[in-house]
Amino acid sequence: MLDKERAYFSAHAAEWGSIHPGAFVVVKDESLVGAYATIDEALAGGAHEFGLQAFLVRQLGAPPERITIPALTLGLLRADS
Amino acid sequence: MPILNIQLTGAIETPDGKRVTLSGQAALLQRGPVVQVSISVGQAIAQQVLQQGGELPPPVAGLALIDTGATTTCIDEEAAQVLKLPAIDVVTVASASHASSERNVYPISIEVVGLPIVVNAPRSIGAELKAQGLLLLIGRDVLQSCVLVYNGPAGLFTLTL
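Protein chains in written order, with my numbering: chain W, 1 to 81; chain H, 82 to 242.
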């Protein structure tokens, strides 16, 4: 999912970040659709163009997301004795 | 500021088939802090789709477990497909029990039944929760806007948004 968009973002994030530092960008296929001040504006911008289709939204210059969901990753949501 | 007090009750079936009513304390211990929620596509997207004359699937209702150990809210992947949620990113989730896997990221709106407020979780992660009887794990991305009081001895918890 979004393989093309993620590769395009990785290739251009530094360049876009120098122009729109901290902005939320919308990427579809190999095209930068827009840069927005907030994630809500980016979601609205993406939905305006693509409706309910998938499109990539990422913040420029944001540190890598550190996601921890122990219950999910450890499979501990339920255990029976 | 809306406040939701939840006192859990429940019953279990013993090995010999007897049904035993649980105390509030035991029910909260068994089930954890769960709330009834209704999930729909994130508001920013929903508004655009509706403005353009599009249609949205009806919200999906189910149980959400409040998980203070999770940085990020998770939605059941099957429900995400039913809601036709657009994926807006992909993240890799490591697991202790099997290989790392890629999960879609979805923008969702959460209505907690009993609270007159809709909360947006713009980067919720798709996960297989249905088998656990859950629609949602509410993570700290949502809880950062809430006050949660967990009263174990009384078997109740309070959520304020």
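FYI, nobody ran anything at the bench for these hints, they're computed from the structure.
Backbone N, C-alpha and C fix where the C-beta goes; we use that ideal spot for every residue, glycine too.
The reader is advised that the hints may include incorrect statements.
[Claimed, not checked] Under 8 Å between C-beta atoms, here's a sample of chain W residues computed to sit facing chain H:
#1 2
#2 10
#3 43
#4 47
#5 48
#6 53
#7 54
#8 58
#9 65
#10 67
#11 71
[Unchecked claim] From the derived model, a few chain H residues whose C-beta atoms are all more than 12 Å from chain W:
#12 84
#13 89
#14 92
#15 99
#16 117
#17 142
#18 143
#19 150
#20 175
#21 194
#22 196
#23 197
#24 204
#25 209
Hint by hint, work out which the structure violates, then give me just those numbers in ascending order. Per hint list: 2, 19, 20, 24, 25 violated.
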